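J.: As a plain string of letters, each chain reads:
There are 2 protein chains.
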Amino acid sequence: MSETAASETELSFEAGAPTELFDVIVIGAGSGNSIPSPELAGLKIAIVDDGRWFGGTCLNAGCIPTKMFIHPARLVSHLRDAAHLGVTGTASADWAAVRARVFGRIDSISQAGEQYRASGEPNVSLVRERVRFVDESTLVTASGRRLRGRALVIGAGSRPRELRVLPFGPRVISSDDALRLETLPERITIIGGGVVASEFASLYHGFGAKVTQLVRSTVLSSLDADIRATFVAQAGAQWDIREHHDVVDATIPDDATSPIRLVCNTGDVLETDLVLVASGRVPNSDRLGTEVAGFDQELNGRLVVDAHQRVLRAGQALPNVFAMGDIANPHQLKHVANHEARVVAENLRRTLVATSDNEELVSNTLSPVPLAVFSTPEIASFGATLTEARDAGIDAVEVRQDYGGTAWGWALEDQHHFAKLVVDRVQGQILGAHIIGPDAAILLQPLVQAAAFNMPVQGLARGQYWPHPAATEIIENLLLNAKEECNA
Amino acid sequence: MSETAASETELSFEAGAPTELFDVIVIGAGSGNSIPSPELAGLKIAIVDDGRWFGGTCLNAGCIPTKMFIHPARLVSHLRDAAHLGVTGTASADWAAVRARVFGRIDSISQAGEQYRASGEPNVSLVRERVRFVDESTLVTASGRRLRGRALVIGAGSRPRELRVLPFGPRVISSDDALRLETLPERITIIGGGVVASEFASLYHGFGAKVTQLVRSTVLSSLDADIRATFVAQAGAQWDIREHHDVVDATIPDDATSPIRLVCNTGDVLETDLVLVASGRVPNSDRLGTEVAGFDQELNGRLVVDAHQRVLRAGQALPNVFAMGDIANPHQLKHVANHEARVVAENLRRTLVATSDNEELVSNTLSPVPLAVFSTPEIASFGATLTEARDAGIDAVEVRQDYGGTAWGWALEDQHHFAKLVVDRVQGQILGAHIIGPDAAILLQPLVQAAAFNMPVQGLARGQYWPHPAATEIIENLLLNAKEECNA
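If you read the protein sequences in the order shown, they are chains A and B. According to this note's numbering, the residues represented by the first sequence are 1 to 488, in order. According to this note's numbering, the residues represented by the second sequence are 1 to 488, in order.
Because the hints were derived from the structure by calculation, they are not lab data. Please read these numbers as outputs of a predicted model, since none were measured by experiment. Any given hint could turn out to be false.
[Unchecked claim] Stretch-level coverage of chain B by chain A, calculated; a stretch enters the list once three of its residues show a Cβ under 8 Å from a Cβ in chain A:
no., region
1, 289–301
2, 332–340
3, 345–355
4, 408–417
[To be verified] If we take Cβ atoms under 7 Å as the criterion, some of the chain A residues that face chain B in the derived model are:
no., residue
5, V134
6, P456
7, Q458
8, G459
The beta-carbon is built from N, C-alpha and C at its ideal position, and this holds for glycine as well.
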């Protein structure tokens with residue numbers, strides 16, 4: 001499948017505009033920015049991104065800066081809730097100082113990344129413009145440049161969904177602006193019940209804002225019911241969570257000293273100083289005009305890909321058009337986008353570089369997909385709930401281990417948090433794991449590892465040591481409980 | 001091998017004293033207290049313990065209560081060190097309140113455990129006396145009772161080592177008393193550089209005491225050199241650590257208002273209010289008089305056992321004498337003692353209960369053995385250092401991942417902490433792992449799991465997802481670094 005790489009000087013003219021030719025055009029400089037690997041050094045690659053910042057959502061407004069804010073917020077939150085542990089005191093996190101520290105670091109990384117992409121490697125060029133599809137291999141930029149790629153990688157991500165009743169503006173912001181506020185508002189209302197909304201609610205609460213979270217349906221509705229109930233109880237003791245509340249009318253004065261007024265379907269009327277709309281994200285396929293190229297997409301605009309990350313058109317995979325990340329999967333998780341980028345990069349190599357025709361494309365088969373919510377309480381989860389597993393016809397069983405049933409839980413004086421495991425009763429395979437409590441995101445990993453490598457629960461706890469009395473004993477006991485429920 | 005269980009009424013008289021017969025006598029109610037399993041319900045079992053508290057060191061003075069103190073101490077410590085994160089405030093942990101909370105819980109558990117052992121199961125009785133061996137199957141108690149067992153389990157643990165120059169007393173305490181102090185001393189000097197000494201130094205420092213740690217050789221001398229150096233630097237910024245300092249003379253006034261005066265080999269003279277001697281632990285074999293029974297032991301008094309946990313005499317395993325825990329292994333770790341107790345219980349079943357003669361004894365082959373030091377900074381480790389692996393003739397390589405090289409490390413603004421992995425370069429087997437930093441004890445587990453189940457580093461990081469940006473990305477990157485260094 002190897003062909004000669006497009007040379008620097010190879011240009012064609014179409015309809016009066018010179019078409020710049022590339023071997024690979026990558027749209028989106030988030031995880032897509034990792035595509036130009038050493039193995040592809042012989043290819044002429046364009047990275048296209050018109051983002052407000054270079055490097056994608058995760059780096060600039062998502063996973064990374066939120067956690068940098070959440071850590072100081074937690075130090076404050078932990079102290080607020082420590083009297084029963086014998087600890088007293090007061091602490092506060094300085095919003096402006098944290099913001100300066102976080103973006104002093106993040107923006108430098110983003111800028112250095114942009115500079116490197118612009119001039120760091122001879123085979124890579126950067127197109128810092130919005131693009132739209134002309135056909136499956138051709139893009140036109142906002143300034144009228146035409147770019148054609150032997151292969152395209154669509155990794156343009158997603159953007160915060162705007163609500164009709166609450167259009168974005170100076171006082172109705174999205175997560176893109178949520179960390180860059182000059183000052184922390186006294187009162188903030190967060191619209192949404194997903195991971196992003198819940199993390200920001202916890203974050204603002206930690207910094208001392210009065211938070212109200214309005215959720216049209218239920219908080220974290222895709223997660224296990226017990227996890228959700230515990231989250232609502234624990235988080236609800238910190239900030240005001242209102243499920244089944246939909247904003248039906250909003251009055252948003254330009255004058256920032258006048259309160260915003262929100263009217264809910266329930267009749268509730270709220271006054272607030274700032275609104276964060278975190279009510280889902282929209283794949284950016286519409287901004288790229290992918291419909292012109294005829295790519296298959298879900299109703300919400302997500303591109304449909306095959307196991308090799310190739311985009312489908314009329315149900316058939318296009319050989320040289322790949323997609324990855326939020327625009328191509330439902331997870332909206334950076335670790336998933338990164339993995340897909342590795343699959344795409346390898347398949348680009350096999351398609352454009354490999355000298356043998358015998359190299360099959362690699363498939364993306366990695367599972368399970370864990371997610372973490374870095375709120376307080378923290379949540380981590382992967383796979384099926386018991387209900388989902390049984391609905392799928394599996395003879396599944398669920399076991400639970402409370403933090404409070406372990407020595408570490410005693411140290412925490414924990415009364416609320418737990419881990420659950422869903423297993424195939426016959427085989428002992430781990431089908432799902434659901435944890436709420438301190439360190440959930442890291443406690444999940446031995447279970448991810450076991451599930452990914454098909455290690456059944458039988459023998460798993462007793463086949464390794466678990467240092468006493470670390471928090472991992474929660475997982476050890478969970479696995480022992482599971483083994484008890486499994487046959488053979 | 002099954003025989004009829006000794007009946008309640010079966011007594012024999014020797015040398016005038018009635019000998020009480022048991023199927024199993026367990027000496028030590030720490031991990032040994034778990035020996036009476038449902039599988040052994042048909043056996044007449046005596047649990048013997050003369051400990052100050054019922055349930056062993058871990059529950060009453062060790063692993064569990066220390067962590068219950070360390071958690072509030074850390075909340076305070078974290079806040080002291082949070083200005084660079086944008087968090088300011090003050091906090092303090094109330095020693096008396098924490099002590100009351102911890103021992104209110106622990107002592108109840110201990111007392112309930114004792115009551116259950118005394119009267120909770122018809123086949124188990126409790127002997128709350130000191131015992132000494134008469135012969136390999138016979139014990140005499142302090143009050144003159146003679147106990148004989150068809151099988152014996154020696155799990156009598158270890159005790160703090162006393163120093164000649166600093167005999168234990170009201171102002172020179174061991175770890176047994178270190179958490180039960182009425183009030184926290186203003187100044188405390190800790191003698192020792194091991195895990196116990198280092199955890200207590202961190203704990204007292206967190207509560208606000210002025211801590212000096214005197215170490216005859218080096219702190220945590222069995223650990224990786226980089227880990228040790230980082231610990232000394234990080235801990236040394238919190239409290240006064242003096243390595244290569246041996247106390248050669250001590251003046252200890254009875255009057256608690258007069259300072260204790262310690263003179264070191266270096267010429268240093270210290271004044272302090274309390275001394276904690278945490279300078280190693282001594283197996284309790286001497287208190288049992290095991291030499292009368294002729295059991296093989298190490299120079300330090302540790303009993304020698306075979307792979308089935310059977311005690312050796314003149315190099316030969318005794319068929320019905322088992323040992324476990326600190327008296328029989330060098331680790332002094334609760335999770336090891338618990339595992340050995342499970343091996344012993346199963347071998348008792350096979351020896352005394354099983355109806356088939358064909359059941360071979362089970363062996364204790366579980367590895368690797370992880371340890372954790374719950375100080376701040378926290379340490380977790382298992383297996384070989386690079387030096388140890390190379391000294392063993394293995395083509396080993398070491399890789400390192402700094403916390404600061406991951407997004408979670410950015411959130412922590414971490415500049416000091418890291419994980420190291422020692423791997424067999426040819427096979428990719430994990431030979432050792434060494435972590436210093438927040439959450440080290442739980443971050444270690446995926447590596448323990450991989451090592452225990454012989455999963456090589458090749459494919460390990462990329463064969464599973466690691467939720468971004470959790471701290472586990474430190475381990476993911478460590479494994480990727482390792483894979484780069486391995487052949488094939």
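J.: Which hints, by number, does the structure contradict?
T.: 1, 3, 5, 6, 7, 8
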